[in-house]
Amino acid sequence: MFDTKLTRRSVLVAGATTALAMPFVRPSWAAPDTVRALMWEAYLLPDQITAFEEANKVKFVPSFFDGNSEAYNKLRVGGSKEFDLVQADGFWPQLYFREGLLRAVDYSKVPNASGYLPEFEAEAFKVLSDPKSGKKIGFPFCWGAYGITYDAGKVQPERTETLECMFSSDYSGMLSTSARFEENIALAALLVTDRLGSRDKPRPDGKPFNPYVLSDEELAEVEKLLIQQKSLLLTRYQDNPTLFQLLQSGAVVAATEFAQVFRQLLTAEAQGAAPVDFRHALKMKEGGLGWVDTWLVTSGVQDGAKFDLCNSFIDLMISPAVMKKIGEVAGCSTTVDLRSISNETERKLFLMDRSNEIADLFMFDQPSSPEKWERVWSNVQAA
Amino acid sequence: MSNASSYIRIDNVSRRYGAFKALDDVSLDISKEEFIAILGPSGSGKSTLLRLIAGLDRPTEGRIHFEGKDVTELAPHKRGIGMVFQEFLLFPHRTVRENLAFPLRMRNEAKGEIEERVEWVAGILSLSTMLDRYPSQLSGGQQQRVALGRGLVARPTLLLLDEPLANLDRELRQEMEIEIRRYQKQLGIPFIYVTHNQEEALSMSDRIAVINNGRLEALGERQAIYDHPQTPFVARFVGKSSKFQGVVEPDGATVRLTRHDYEFALPSDKTFKPGDAVEIFVKNERFDITPKQHGGAGIPSKVVDVVLRGPFLEYVLETDRGDTVIAVKPKRNDPIPLQERVLLSWNPADCHIFKDGADDARR
Amino acid sequence: MSPSFTDSLIKWTLAAFLALVFAFLYMPIVHILFASLSTRPNFPYPPEFNVASYVRLSTNTVYQSAFLNSLLLASCTAVLSTVLGFLATVGVLRFAGKRALIYAIFFAAPLFVSEILLGISSMALYYMLFELQGNMLTAIIANAVHCFSFCFLIMAAMLYKYDWRMNEAAIVCGASPLRSFFEVMLPITWPGIMGSLITAFVLSLNGLDVSFYLLGATPTMPSVAWGALRYGVKPELYALSSLINIIVFAMIIALLVAIRLKRKAV
Amino acid sequence: MQDANLQRRLILNIPTAFLLLFFVLPLTALVVLSFWQTENYKIVHDWTLMNYTTLATEGAYITFFLRSLVMAVGVSVTLVALAWPIAYFIVRYGGRYRIIFSLLLVIPFLSGEVLRLIALQGMLGPAGLVNGALIRMGAAPLRMIMYSNAASFIAFIYLYLPLVVTTVYLSLINFDFRLAHAASACGANRFRIFTEVVWPLNLSGTIVGFMLAFIPTLSASLVPRFLGGPNGTLYGMSMAQQFGESGTWALGAAMGVVLFLFSAVALAILSYGVDLRRTGFTGLGRQ
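Line order of the protein sequences matches chains A, B, C and D.
Basically my numbering = 1-based index in the first sequence + 362.
Basically my numbering = 1-based index in the second sequence + 32.
Basically my numbering = 1-based index in the third sequence + 94.
Basically my numbering = 1-based index in the fourth sequence + 796.
FYI, nobody ran anything at the bench for these hints, they're computed from the structure.
Hints should not be assumed to be uniformly reliable.
[What the hints assert, rightly or not] No farther apart than 27 Å at their CA atoms in a straight line, the calculated lysine-lysine pairs in the DSS-like style are these:
{"hint": "1", "chain 1": "A", "residue 1": "Lys-516", "chain 2": "A", "residue 2": "Lys-686"}
{"hint": "2", "chain 1": "A", "residue 1": "Lys-687", "chain 2": "D", "residue 2": "Lys-838"}
{"hint": "3", "chain 1": "A", "residue 1": "Lys-498", "chain 2": "A", "residue 2": "Lys-686"}
{"hint": "4", "chain 1": "A", "residue 1": "Lys-569", "chain 2": "D", "residue 2": "Lys-838"}
{"hint": "5", "chain 1": "B", "residue 1": "Lys-64", "chain 2": "B", "residue 2": "Lys-110"}
{"hint": "6", "chain 1": "C", "residue 1": "Lys-192", "chain 2": "B", "residue 2": "Lys-53"}
{"hint": "7", "chain 1": "A", "residue 1": "Lys-734", "chain 2": "D", "residue 2": "Lys-838"}
{"hint": "8", "chain 1": "D", "residue 1": "Lys-838", "chain 2": "A", "residue 2": "Lys-686"}
{"hint": "9", "chain 1": "B", "residue 1": "Lys-302", "chain 2": "B", "residue 2": "Lys-387"}
{"hint": "10", "chain 1": "D", "residue 1": "Lys-838", "chain 2": "A", "residue 2": "Lys-494"}
{"hint": "11", "chain 1": "C", "residue 1": "Lys-356", "chain 2": "C", "residue 2": "Lys-255"}
Taking the hints into account, I'd like the entire structure generated from these sequences.
Below, the structure written as structure tokens:
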């Protein structure tokens, strides 16, 4: 079609261009004095980062992601060489480790790891151990649930004892859920399996019930349920501020969320916003979804200076003072015992005395079949 | 003809574009202080020749020498030439002064020298009052002079002019013709002047090279080219003439026109065999017109229009066979009236006779 | 109705419409400015004047380096795509002959392939062939592919009217080809070249779709904004964006003043 | 002559090689990927047409596509209708300030798309500027403009208006308005001048503008994500989800190939529908 077959000359030119460009191509792992993290933006405290950079004479280079699968995709495409530190929640770290994207960590090199709440101590918190080798694969960081935040003035508290309230036409047009498909499906699955009574029957994977492992029949029911729910939703929010605004303005009366907006709403009220009786239901009678965000070290990090840097960064992040600040900024509960430096309200707000409830929640997990879940979600969106 | 006096020498130069021959084996010697016109219809290859001399194009064969030095492979900007384009091609983002200074700056002349030269060239071209204007603020004639100045300012080895007057109106053109010739004599460098306008070529140049279909048709003093065309093409192209078909009579000394009842003696220097078909070209101003009632030989015609051309009258005649012929005569107080029947004839020495198809034979 | 009355009616109707359109275009920009100056960035009405976010921005090295990375990315993309676009333009206008149309369609083709597709397909290629995570260079290249077509069209529109013999005129005046380019061609065609540079710069400064899939561990403004979404965009980001807008606005006002001064001078 | 040929080759070959390497090759990779499968985030290198079968038979993807198509046509037509008077005004009455006007069109682009969409969301949402004002005045909020396809529509207009205006502007600025005077002298009224002379001679520029809005709207992922609401998922958003969230790359690649083919066909139809000679197109290249 074109008379521009790759002549020897044009190949030479291309080669020369590539050679000239080599300094750019050099992957960032060649740079010795940086720590690169793939993380959630909410956990980034600029002043702490600056302090860390100055103390260790390094540059901290963060990249941000939104959902676990997004981070997973980035990691798999050579990302374990591109990043030193990674964040993930639920069961994802185990998957990462199985795939060889992570390295085992050493709790003894992170002094502040001794301050964990009992549920998150190395021995107790099995989610961060490799089931095969028993090696520790990461550090718990923040935790929370995917509960229901509601305006108690408009929704009776007892109605939120069940997930049904998120699917009730009484609140048509005044409900909202996250735009993330995994949690929407898993939460609907809790309701569906409860209605069907299929939890105690043999599960597709032969293991105990997990809302992330569903039979085709259950998925079909979930799809129906979510399609019914659609007409009741004002929107599926992308970001917390949107939900904050929707709840505060009264446009939305109940929403499933990570308890972060709930805390922001209470904080806003404390700072003088119009008082509304916002409450948060952590666990419904059908069950609830929980998450623990973690810090992980990628398999690209070798023992030595880089590993030490990673450890000291994690140590800084889980130090009580920093942890408390992050809890306040991001609105999440912490895995480190901060009760000694917190007041009564904070203890209540950040669920410091309720960390044992995490055990009853279903941890965020990888969908049993991303393909099938994707199809369900597409059908819901298209309906 | 490789004599030492030739300043510019073009040696068997050809330029092919694939199978197409834009220029075919052209040789030309130009001496210093010569004004040479390259005349040809559009597409004849005359501009190609100019571009080859300028170095904007390279010949496929042949060499080009400046002052005895082979410049065939030399880049155009190192040839030290000046060139004036038909579209002027003044740099629109620069003032007249900057345009004039441009060739000097390119030759890295000293600042003082540049100013001096610009003043000088602006002086002889009467541009001194408009040095700070932009080209868009100038009239066509002024732009023309700036273009000329830009070509001359750096004292080039030679000046190439590519139909520089084609975009000017008629009066201005005649004025400029005289000017340009004057500058050439004043500067003493060769001007190579490409044009398709034979009047310009005739009025300005010392010699004329006629080019047709990439070949050099004729080369010579302008008077000779005009008066004694060597080929039918030159006869047709240089000057305004009318063409007739004829046959050489069995006596070998008389030519009889095929379409008209007119015959005349073959000039003695022409040798044709009896029965040869010939083409006869007669310059419009060489016709004789005599009123019919006076009698005599000639093509019977009728005056259908008379056009006044300054000191001349242009008679538009229609022959009895329906052909239109134009004859030019000096203006007289008693022009031949319209519809007057006349006889058209010419002095055999004033016409040019070629064997029919001579043009084709050359190709 | 006299024609002149109709004319001015048309003129003023159009002017009013233009004002409306500009108001529509600038409302979100003003919103961002308000948000950067407000203690309540989610709903910054009525506007406040609180520079806290600007102060925080001055110490936030992450946003600063994201900005610098964006700047680097956009500058390299602008230069690369303009140079390639220039070559393509010259090639099509001067040397392509009968194939000019085919070349022109080929060079304009990336324009008609969505950015997201370009980003995704480049990522797919790098991953499948080289197992390579994106980096600055891959992002620059992918952005340049998209911007290249814009540059090509802009410069083609400009150079289409350019008289190429202008270069020859310069060369016979003794200018080397390089010098004739800088002294003659560039000054005459700079609006097209500048337009091409500006367009490519602006397009790649904030192009999320292409960069998102190709940037790897290099934060840029759009990727930082994207990462910040879940928890809400921080006012610092609004502040950064507003700062850029203010600076560019200042430059445009300077240009306006320059035009006015020039008119007075003439 | 070697020289000129070399120069000519290089000038065309460099951009061509660049596009072949970084445009054609990646697209080829995408095509290859679309014939594979993903399973639990892993690519399975088995050749299959399954992705295309899925796309052709699953109602969801067809719905996304039709939604996107309707949206893209609506947005592009509206944009052309809006862009013409604006560009016309700038060209006819902009005078020496034309450059200012056209730069002012560019400035909004300096703020990232994400930021501008959040700002738009802040203005169109339930508690946003428009509805906030309505509520304050005691009126009912406009449900239509919050989290709906109408909101997406407004956002698309917002995003691509400068692009289309600029394209029409570039076309008009190269248009010789003496032709309009000539038509006027031939007795055409304003309307006829527009339909017979101005419009056809700027049609190719307008079509380019149309396509420049049509293509990105067809593949948009951010706008519906932020403003579309529960029923606003468009084709591009679904495609982006395949790559970003659900990790079903192969299906996403197939969606991309379909999108690309459709864009190419749309472009071909549009350019065939137009007689280039009637738009004053004189061909490219002078040599």
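Here is what the structure says about each hint:
Of the pairs offered as hints, the one joining Lys-516(A) and Lys-686(A) is violated, with about 32 Å between alpha carbons and a cut-off of 27 Å exceeded. For the proposed pair Lys-687(A) and Lys-838(D), the alpha carbon gap of about 38 Å is over 27 Å, so the pair is violated. Our distance criterion of 27 Å between C-alpha atoms is met by Lys-498(A) and Lys-686(A), whose separation comes to about 24 Å. With a CA separation close to 23 Å, the supplied pair Lys-569(A) and Lys-838(D) stays within the 27 Å bound.
Distance restraint check for Lys-64(B) and Lys-110(B): the Cα-Cα separation of roughly 19 Å lies within the 27 Å cut-off, and the hinted pair is therefore satisfied. About 20 Å separates the Cα atoms of Lys-192(C) and Lys-53(B), which keeps this hinted pair within 27 Å; it holds. Of the supplied pair hints, the one linking Lys-734(A) and Lys-838(D) holds, its CA atoms being roughly 14 Å apart against a limit of 27 Å. Restraint check for Lys-838(D) and Lys-686(A): not satisfied, since their Cα atoms lie roughly 39 Å apart, outside the 27 Å limit.
For the hint linking Lys-302(B) to Lys-387(B), the alpha-carbon distance of about 10 Å falls within 27 Å, and the restraint holds. Of the supplied pair hints, the one linking Lys-838(D) and Lys-494(A) holds, its CA atoms being roughly 22 Å apart against a limit of 27 Å. With a CA separation close to 26 Å, the supplied pair Lys-356(C) and Lys-255(C) stays within the 27 Å bound.
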